[in-house]
Each structure stands twice: as C-alpha cells, then as structure tokens.
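J.: For reference, the chains in residue letters:
Protein chains: 2
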Amino acid sequence: MRSDDDRLSQTFAALANSTRRAILARLAKREATVNELAEPFNLSLQAISRHIKVLEQAGLITQGQNAQYRPCTIDATPLKEVSKWTEQYRPIWEARFDRMENFINQLNKKEKDNE
Amino acid sequence: MRSDDDRLSQTFAALANSTRRAILARLAKREATVNELAEPFNLSLQAISRHIKVLEQAGLITQGQNAQYRPCTIDATPLKEVSKWTEQYRPIWEARFDRMENFINQLNKKEKDNE
Numbered sequence: 286m287r288s289d290d291d292r293l294s295q296t297f298a299a300l301a302n303s304t305r306r307a308i309l310a311r312l313a314k315r316e317a318t319v320n321e322l323a324e325p326f327n328l329s330l331q332a333i334s335r336h337i338k339v340l341e342q343a344g345l346i347t348q349g350q351n352a353q354y355r356p357c358t359i360d361a362t363p364l365k366e367v368s369k370w371t372e373q374y375r376p377i378w379e380a381r382f383d384r385m386e387n388f389i390n391q392l393n394k395k396e397k398d399n400e
Numbered sequence: 286m287r288s289d290d291d292r293l294s295q296t297f298a299a300l301a302n303s304t305r306r307a308i309l310a311r312l313a314k315r316e317a318t319v320n321e322l323a324e325p326f327n328l329s330l331q332a333i334s335r336h337i338k339v340l341e342q343a344g345l346i347t348q349g350q351n352a353q354y355r356p357c358t359i360d361a362t363p364l365k366e367v368s369k370w371t372e373q374y375r376p377i378w379e380a381r382f383d384r385m386e387n388f389i390n391q392l393n394k395k396e397k398d399n400e
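As they're listed, the protein sequences go chains E and U.
Here the first sequence is numbered in my numbering, starting from 286 and rising by one per residue.
Here the second sequence is numbered in my numbering, starting from 286 and rising by one per residue.
Don't read these hints as lab results, they were simulated from the structure.
No experiment lies behind these values; they were computed from the predicted model shown.
A few of these clues could be false.
No copy is singled out in the list; a pair is fine if it fits within one copy or between any two copies.
Quick list of in silico lysine to aspartate or glutamate cross-link-like pairs, DMTMM-like style, CA-CA up to 25 Å [stated by the list, open to error]:
#1 338 <-> 372
#2 314 <-> 291
#3 365 <-> 290
#4 314 <-> 379
#5 314 <-> 341
#6 394 <-> 366
#7 314 <-> 290
#8 365 <-> 316
#9 369 <-> 291
#10 314 <-> 289
#11 369 <-> 341
#12 314 <-> 324
#13 314 <-> 360
#14 394 <-> 379
#15 369 <-> 289
#16 397 <-> 324
Bound-form chain E, shown alone:
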C-alpha cells in the first residue's frame, strides 16, 4: 500500500508538466477520448497516451472500459489533497505580502513626507 506521502509525490510529479495540466483543464469541461485530446494539442496519439497514463496512475483521470470508446474523465480527488497540503502555507505567503504591503506603504509615506 502506498503512503499518503508517496501519493502526494506522484500527484505533484504528474502535475509538473504543462501538457498534462492542459489535458486536465480540457477534461474539466467534459470527458474526451484520446483522439479528441490529441487533436488540439497537436501531439501524436502515442505522446498523448503516455501523458494520460501518468495522469491515470496518479488518480487524476479515469478511463472508461469500453474498448471502442474509452473516454477520459477527470478525478479531482488528488487535487483536493494538493489543496489541503498547500493551504498549510497560506499564513506564510499572506504574511509575506502583508510585510511587502507595509514596506510599500512606508515607501509611499516617505515620498509624501519629502514632497
């Protein structure tokens, strides 16, 4: 059995590619076959199939079992885990921007004082 940590690593690795993220964005609208996915991306069926396999192994998409027409469907469950992990750090990036805002306000105040 894979640990949560391993699954999260696999999800992040699957997302570390702009074509795979574009495939997910396309599937967020509606399901699509491999042929339908290959066309707009101007990629070979082989290349698209490789990306689909990575996404499927990470649990980000599922593929229908009908041999003739096997549409790919997005499964956003792993993205919920990514969101949960990332949100832990929200206080840090918000503090950072707060500090930056303070800094900019101080600069503006200084400029005003010098006018």
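Start from chain E and add chain U according to the hints.
T.: Using the frame of chain E, we list chain U on its own:
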C-alpha cells in the same frame, strides 16, 4: 525568461519529493542552516544540499549570502501560485463529493424504505 507555465512545472517538480516537502515544513517554523536541516533527516550534507538546490531553483527557499552562516528561509510565493492553480478545480472535487453524498443519502433512504 521563463513562462508562468514553466515556473509552475518547476514548482510541482520540486514538491514531488517527500524529503523536500519535509524541509519546507521545517523551514516554515524558522530558518535553518544546511547542517541543522541535515541532522533530523539523517541525510548526508551532500544529499540535503542537492534537495536545497532544487528548492532554491524553484524559488521555494532563499539562502543567505554570508559564507559562514547561510541560513535557508522559506519563500511561499510559488505555493500561492500552486494554490491559485489548484483552486480552479475546487468546484469539481466538491461536486464529486456532493454527488457521493447524494448517492449515500439515496442508499440510506432505500434501506430505510425496505425496513
């Protein structure tokens, strides 16, 4: 110049490793030197340095310039981008769980009707 898409890919790739995520969790508490980071992870300085380099290239940490004491500091800015990207899919995972909840409610109702 790197595109937003390339930067996001680099961030995801840096996060696709549990040791690197553990380093970020450690640095979220307070800054630390490479030596301080190496100890709890039971890794060689060389291995930790490699992870730090990946995190630094992804903009997730910065390292002080003082040659004697170069503490690593977390920079959560790329995580804000990850959060922004991931949140686009929130309606999908929430709909999924809504549907699952409906499904479970229907099952419970059926069981009750059959009692």
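J.: Given identical chains, is residue 314 near residue 290, meaning Cα to Cα at most 25 Å, within a copy, between copies, both, or neither?
T.: The answer is between: 20 Å across copies meets 25 Å, while 29 Å in one copy does not.
J.: One pair to classify: residue 314 and residue 289, alpha carbons no more than 25 Å apart. Within, between, both, or neither?
T.: between (28 Å within a copy, 22 Å between copies)
J.: Is it within, between, both, or neither for residue 369 and residue 341, if the alpha carbons may be no more than 25 Å apart?
T.: Both. Shortest intra-copy (21 Å) and inter-copy (23 Å) distances satisfy the 25 Å Cα cut-off.
J.: Are the CA atoms of residue 397 and residue 324 at most 25 Å apart within a copy, between copies, both, or neither?
T.: Answer is neither; intra-copy 57 Å and inter-copy 49 Å both fail.
J.: Using 25 Å as the alpha carbon limit, work out where residue 369 and residue 289 are close: within a copy, between copies, both or neither.
T.: both (12 Å within a copy, 22 Å between copies)
J.: As a check of your reading, is residue 314 near residue 341 (CA-CA no more than 25 Å) within one copy, between copies, both or neither?
T.: For residue 314 and residue 341, only the intra-copy Cα distance (18 Å) is at most 25 Å; the inter-copy one is 35 Å.
J.: Please sort residue 365 with residue 316 into within, between, both or neither, judging by C-alpha distance up to 25 Å.
T.: within (19 Å within a copy, 29 Å between copies)
J.: Quick one: residue 394 to residue 366, C-alpha cut-off 25 Å, is that within a copy, between copies, both, or neither?
T.: Neither way: residue 394 and residue 366 sit 42 Å apart in one copy and 30 Å across, limit 25 Å.
J.: Given identical chains, is residue 314 near residue 379, meaning Cα to Cα at most 25 Å, within a copy, between copies, both, or neither?
T.: The answer is between: 15 Å across copies meets 25 Å, while 31 Å in one copy does not.
J.: 25 Å Cα cut-off: does residue 338 pair with residue 372 within a copy, between copies, both or neither?
T.: between (28 Å within a copy, 24 Å between copies)
J.: Indicate which option fits the pair residue 394, residue 379 if close means a Cα-Cα distance not exceeding 25 Å: within, between, both or neither.
T.: Result: close within a single copy only, 22 Å intra versus 45 Å inter.
J.: Measure nothing new, just compare the shortest in-copy and cross-copy C-alpha distances for residue 314 and residue 324 to 25 Å and report within, between, both or neither.
T.: This pair counts as within: shortest intra-copy Cα distance 16 Å, inter-copy 47 Å.
Hints 6, 16 from the list above are not met by this structure, while the remaining hints are.
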